[in-house]
Amino acid sequence: MTSVTTDVAAPDARKAGKFVYVTAVVLLCAWVLVPIYFLLINTLSSPDTVNSFPKPFWPEFDLGSLTFFAGFAGMLTALKNSILVAGMTMIMSIVIGAPAGYALSRFDFRGKELFRLLILLTRAFPLPLLALPLAVMFIQTGLDDTVFGLALVHTTLAIPFAVLITFSLFSGIPIELEEAAWTLGCTRLTAFTKVVLPLILPGITASAIFAFVISWNEVFAAAVLTIENRTLTAFLLQNLDTSPLHLKFAGGFILVVPALIFIFAVRKYLFAMWGIANR
Amino acid sequence: MAEIQIKNVAKTFGAYQALHDINLTIQDQEFMVLLGASGCGKTTLLRIVAGLETATTGEVWIGGRRIDHLPPKDRGIAMVFQNYAVFPHLTVFENIGFGLRMQKLPNDEVKRRVERTAELMHIEQLLKRYSGELSGGQRQRVAVARALAMEPDVILMDEPLSNLDALLRMEMRAELKGVLAESNTTAIYVTHDQVEAMSMADRISVMHQGKIVQAASPIEVYRNPAAEFVAGFIGNPPMNFLPATPSGNGKWTVGGQDMNGPVSSETLKFAIRPEDLRPSETGLKATAKVVEPLGAHLLVTCDVEGALFRAVLDSDMTVKPGDVLTLAPQTDRVRWFNPETTLAVA
Amino acid sequence: MNARVLPYVLILPVTLFLCLFFLYPFLLVSKQAFSTGSGFTLDNFREVTSYWKFPTTLRNTFLLAAAVVPVQLALALLMATMVNKMQKGRDLILYVWTIPLGISDLAAGIIWLAIFEQSGFLNSMMNGLGIVDKPVNLLTFQNPGLVFLAIALAEIWRATAIMLVILVAGIGLIPKEYYEAAEVFGASPWKRFTRITLPLLRPSLQTALVLRVILAFEIFAVVAALGGTLFPVLMGETYAYQFDLLNSGAAAAMALIILAISIGFTLIILRLLRVPKGATI
Numbered sequence: 001m002t003s004v005t006t007d008v009a010a011p012d013a014r015k016a017g018k019f020v021y022v023t024a025v026v027l028l029c030a031w032v033l034v035p036i037y038f039l040l041i042n043t044l045s046s047p048d049t050v051n052s053f054p055k056p057f058w059p060e061f062d063l064g065s066l067t068f069f070a071g072f073a074g075m076l077t078a079l080k081n082s083i084l085v086a087g088m089t090m091i092m093s094i095v096i097g098a099p100a101g102y103a104l105s106r107f108d109f110r111g112k113e114l115f116r117l118l119i120l121l122t123r124a125f126p127l128p129l130l131a132l133p134l135a136v137m138f139i140q141t142g143l144d145d146t147v148f149g150l151a152l153v154h155t156t157l158a159i160p161f162a163v164l165i166t167f168s169l170f171s172g173i174p175i176e177l178e179e180a181a182w183t184l185g186c187t188r189l190t191a192f193t194k195v196v197l198p199l200i201l202p203g204i205t206a207s208a209i210f211a212f213v214i215s216w217n218e219v220f221a222a223a224v225l226t227i228e229n230r231t232l233t234a235f236l237l238q239n240l241d242t243s244p245l246h247l248k249f250a251g252g253f254i255l256v257v258p259a260l261i262f263i264f265a266v267r268k269y270l271f272a273m274w275g276i277a278n279r
Numbered sequence: 280m281a282e283i284q285i286k287n288v289a290k291t292f293g294a295y296q297a298l299h300d301i302n303l304t305i306q307d308q309e310f311m312v313l314l315g316a317s318g319c320g321k322t323t324l325l326r327i328v329a330g331l332e333t334a335t336t337g338e339v340w341i342g343g344r345r346i347d348h349l350p351p352k353d354r355g356i357a358m359v360f361q362n363y364a365v366f367p368h369l370t371v372f373e374n375i376g377f378g379l380r381m382q383k384l385p386n387d388e389v390k391r392r393v394e395r396t397a398e399l400m401h402i403e404q405l406l407k408r409y410s411g412e413l414s415g416g417q418r419q420r421v422a423v424a425r426a427l428a429m430e431p432d433v434i435l436m437d438e439p440l441s442n443l444d445a446l447l448r449m450e451m452r453a454e455l456k457g458v459l460a461e462s463n464t465t466a467i468y469v470t471h472d473q474v475e476a477m478s479m480a481d482r483i484s485v486m487h488q489g490k491i492v493q494a495a496s497p498i499e500v501y502r503n504p505a506a507e508f509v510a511g512f513i514g515n516p517p518m519n520f521l522p523a524t525p526s527g528n529g530k531w532t533v534g535g536q537d538m539n540g541p542v543s544s545e546t547l548k549f550a551i552r553p554e555d556l557r558p559s560e561t562g563l564k565a566t567a568k569v570v571e572p573l574g575a576h577l578l579v580t581c582d583v584e585g586a587l588f589r590a591v592l593d594s595d596m597t598v599k600p601g602d603v604l605t606l607a608p609q610t611d612r613v614r615w616f617n618p619e620t621t622l623a624v625a
Numbered sequence: 626m627n628a629r630v631l632p633y634v635l636i637l638p639v640t641l642f643l644c645l646f647f648l649y650p651f652l653l654v655s656k657q658a659f660s661t662g663s664g665f666t667l668d669n670f671r672e673v674t675s676y677w678k679f680p681t682t683l684r685n686t687f688l689l690a691a692a693v694v695p696v697q698l699a700l701a702l703l704m705a706t707m708v709n710k711m712q713k714g715r716d717l718i719l720y721v722w723t724i725p726l727g728i729s730d731l732a733a734g735i736i737w738l739a740i741f742e743q744s745g746f747l748n749s750m751m752n753g754l755g756i757v758d759k760p761v762n763l764l765t766f767q768n769p770g771l772v773f774l775a776i777a778l779a780e781i782w783r784a785t786a787i788m789l790v791i792l793v794a795g796i797g798l799i800p801k802e803y804y805e806a807a808e809v810f811g812a813s814p815w816k817r818f819t820r821i822t823l824p825l826l827r828p829s830l831q832t833a834l835v836l837r838v839i840l841a842f843e844i845f846a847v848v849a850a851l852g853g854t855l856f857p858v859l860m861g862e863t864y865a866y867q868f869d870l871l872n873s874g875a876a877a878a879m880a881l882i883i884l885a886i887s888i889g890f891t892l893i894i895l896r897l898l899r900v901p902k903g904a905t906i
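Residue numbers (the numbering used here), protein chains in the order written: chain A, 1 to 279; chain B, 280 to 625; chain C, 626 to 906.
By construction, these hints were calculated from the structure, which means they are not laboratory data. One or more of the hints may lead you astray.
What the hints assert, rightly or not - Here are the simulated DSS-like pairs of lysine-lysine, each with C-alpha atoms no more than 25 Å apart in a straight line:
1. 194(A) x 383(B)
2. 390(B) x 407(B)
3. 390(B) x 194(A)
4. 710(C) x 18(A)
Said to hold, decoys possible - Derived, one-sided and incomplete: chain A residues facing chain C with beta-carbon distance under 10 Å:
5. 135
6. 148
7. 262
8. 266
To be verified - Calculated Cβ distances over 10 Å to all of chain B for the following chain A residues:
9. 11
10. 18
11. 31
12. 126
13. 195
Just so it is clear, CB atoms sit at the ideal spot from N, CA and C, and this is done for glycine as well.
Sequences and hints are given; from them, build the entire structure.
Printed below as a string of structure tokens:
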């Protein structure tokens, strides 16, 4: 179609263009992957190799660094805390956020714009900063230094995303499907559970994973709000100055792994989610 | 018995009045078509009957029972949607059986009724498929089967054929009419397609700007349109209008010609369908502008004293642009309208 | 349930939650910033802004944002347009390019530390190429430029993906017909990009920039991992006030300063990239 004329006119220029294009794609892929590969080498090398020079460009598949990481005092607890906080964040943000997403996609109600503004404002706000006053509030309520307290803050971070993503998911389900279910004997609730829920379940899972990762990656609020019950990010941050290199790299690697899986799991939804959540 | 009574129903969306004081009674087993251009309120009225929309004021009764406060599931209705609304996560079988399962019917009864309706709609070989594997026409059939399987008192259809291509639409039109006639249900069918309305309806309610302008049998709506809007909306090409000036005692001057008409001292509009004109010795002098041979007949767009005027003539005739035709209106088909009220004058 | 009440019931949990954990702490932090125990005062602000490190901190944060965000925008636009015309392998390439989306700033900092640290891969490579014969300590106060470069690279590496996703989604919403029409009228690929893609992408650009700029002022863990105290930034100083100096009033004042900067820039971006009413797709 479009290429016909250019083909005839300048095949060389076209070939050169194609070459530049492919090279650029490959380079950009390398730009993303090579740094992760370096981290992988460090993680799968013995502590001695990690601290040696020059570095090998090939992993030696030694589990020394990872074993050291697992044995480091408090590290496994921190890992467990991270998973707990992220898990709670995931559940709370969906349970609280999804109904609002449904309301936004299905109803016109007075104050809808105000509500949307509140949500967008929350997203466009350096939320981790709010951990500072919350630290005081949590001490008063006994939530300080608890996994649940931190999960509440992370839920605040994840909620705008949960609302906007579920909003776009629900908007993708034609309302006629629900209406058809109503005329076929369903109540609002049964129409939701029998028709809407099965259709959006994969998307809900994707946005739950998104919430998980938001919490998993959060550093500032975690560092501010936990002292004894550090999450992995907070623990690593606290020990950045003192911990040996191989511990940092192993910890960094453990942080990265869920990200790789996460992006893979939700890749289909990433764009649909952002496409509409945008507006 | 499922007579539908719509009493004084009005609907406003904010400041916009979608329906004005609608009154309509649909007989048991009648096929009623709501016909009108988009935005005329026909779908809103249907959705009020279905319970998907709440009327601002007024009542809806089905079979002697007031139902406007009930949720859709308790109204004894089934509905076919414009985009079919076939559930994508269920097979055709489960789609058709969806309502029956909601009624908690035993498995073998569900199976019996699903298979029967599937057969009726000629989709028995598709029962294991999913919506994504069906063509538009097949989805349409599933949607109708799903409604019929409920054995409802009333079936509501919202432009069910509008997403099909022309040939399929014609085929489904005839089939749907046959199936519904056998099912003994009362039907309300919303469409903007006058051919569909004419061919399927027992009665047509022509709607315009949130009001029912005329509710009558197809032939009555065609022959005796109650208002200018109906005359202009039904029929393709639509009715011709010409200004008429009274010369007293039931005599009128139309397009420079003398005509007999109703006794009135006001200015009226003369109206005649393009197919009710014959070339003749005396009659309206019309200058041909555009000639369109349509095969079965000849459509000639003319000018009568500056007014647009169409005639459907025999396809054997030879007419060239610029020709002056003398067209005699068939006297018993002439209609008169009051330009003030836009209503027909007897 | 009544369709008039139902939506309010559905949004109630979020509203309550946000009031309790967003609006209320916001009020608290404001109160804390403007008081030292007795009434309204600007002492906290005076304290943090008059601290000798404050100008450096502010300059560092702004410099970093100014260096990082435009590069990210250009890179994301380039990647998005490249992906847009890709036929085979699109999903795989997109997956690879969006991987950093899931990587935390701390992890990104650690990843780039593996490259820039004294026994790291950059030194190893230079050694292999014979540029240096023994490892050089790159991330020191003698090399502020290198520290800055390392942090900027890590930020660009990590956070371009979020812009990419928003822009790819936005480009996907632009109907192909516009490009075909432009091509028929003789627009070159570059003209099509500047005359069609960019203007129609404005809502997405808006979102992407707002999100990125706010995150750029929140930069913290990347800096902590790579520069430590060599390169003070606003968020890091806030953390230091809270924990090392145990001065929560000053920390609150810093937080409000970051907030004010973020909101200011959000408004500027929204204003610059505003979409005329009715000019949407």
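Quiz item: Beyond 10 Å from every Cβ of chain B: is that where the Cβ of residue 195(A) lies?
Solution: For residue 195(A), whose nearest Cβ neighbour in chain B is about 6 Å away, the distance does not exceed 10 Å, so it is violated.
Quiz item: Given the proposed pairing of residue 390(B) with residue 407(B), does the C-alpha separation stay at or below 25 Å?
Solution: 13 Å, holds
Quiz item: Has the given pair, residue 390(B) with residue 194(A), been kept, meaning a C-alpha gap of at most 25 Å?
Solution: 19 Å, holds
Quiz item: Should the interface hint for residue 266(A) be scored as holding, given a Cβ-Cβ cut-off of 10 Å against chain C?
Solution: Status holds, d = 9 Å.
Exercise. Over 10 Å to the closest beta carbon of chain B is the bar; see if residue 11(A) clears it.
Key: 42 Å, holds
Exercise. Take the C-alpha atoms of residue 194(A) and residue 383(B), compute the straight-line distance between them, and say whether it is at most 25 Å.
Key: Judged against 25 Å, a Cα distance of about 14 Å means the pair holds.
Practice problem: Answer holds if the nearest beta-carbon of chain C is closer than 10 Å to that of residue 148(A); otherwise answer violated. | Solution: Hint on residue 148(A): violated, closest Cβ of chain C at ~12 Å, above 10 Å.
Self-check item: Claimed clearance of chain B by residue 31(A), with the beta carbon kept past 10 Å
Solution: Residue 31(A) clear of chain B: closest Cβ-Cβ about 38 Å, beyond 10 Å.
Exercise. Let me know if the C-beta of residue 135(A) comes in closer than 10 Å to any C-beta of chain C, holds or violated.
Key: 8 Å, holds
Quiz prompt | Status of the stated non-contact between residue 126(A) and chain B (beta carbon gap over 10 Å) | solution = 39 Å, holds
Quiz item: Against chain B, does residue 18(A) keep a CB gap of more than 10 Å to every residue?
Solution: For residue 18(A), whose nearest Cβ neighbour in chain B is about 36 Å away, the distance exceeds 10 Å, so it holds.
Quiz item: Given the hint that residue 710(C) pairs with residue 18(A), does the C-alpha gap stay at or below 25 Å?
Solution: Roughly 12 Å separates the two Cα atoms, so the pair holds.
In this structure, the hints that do not hold are numbers 6 and 13, in rising order.
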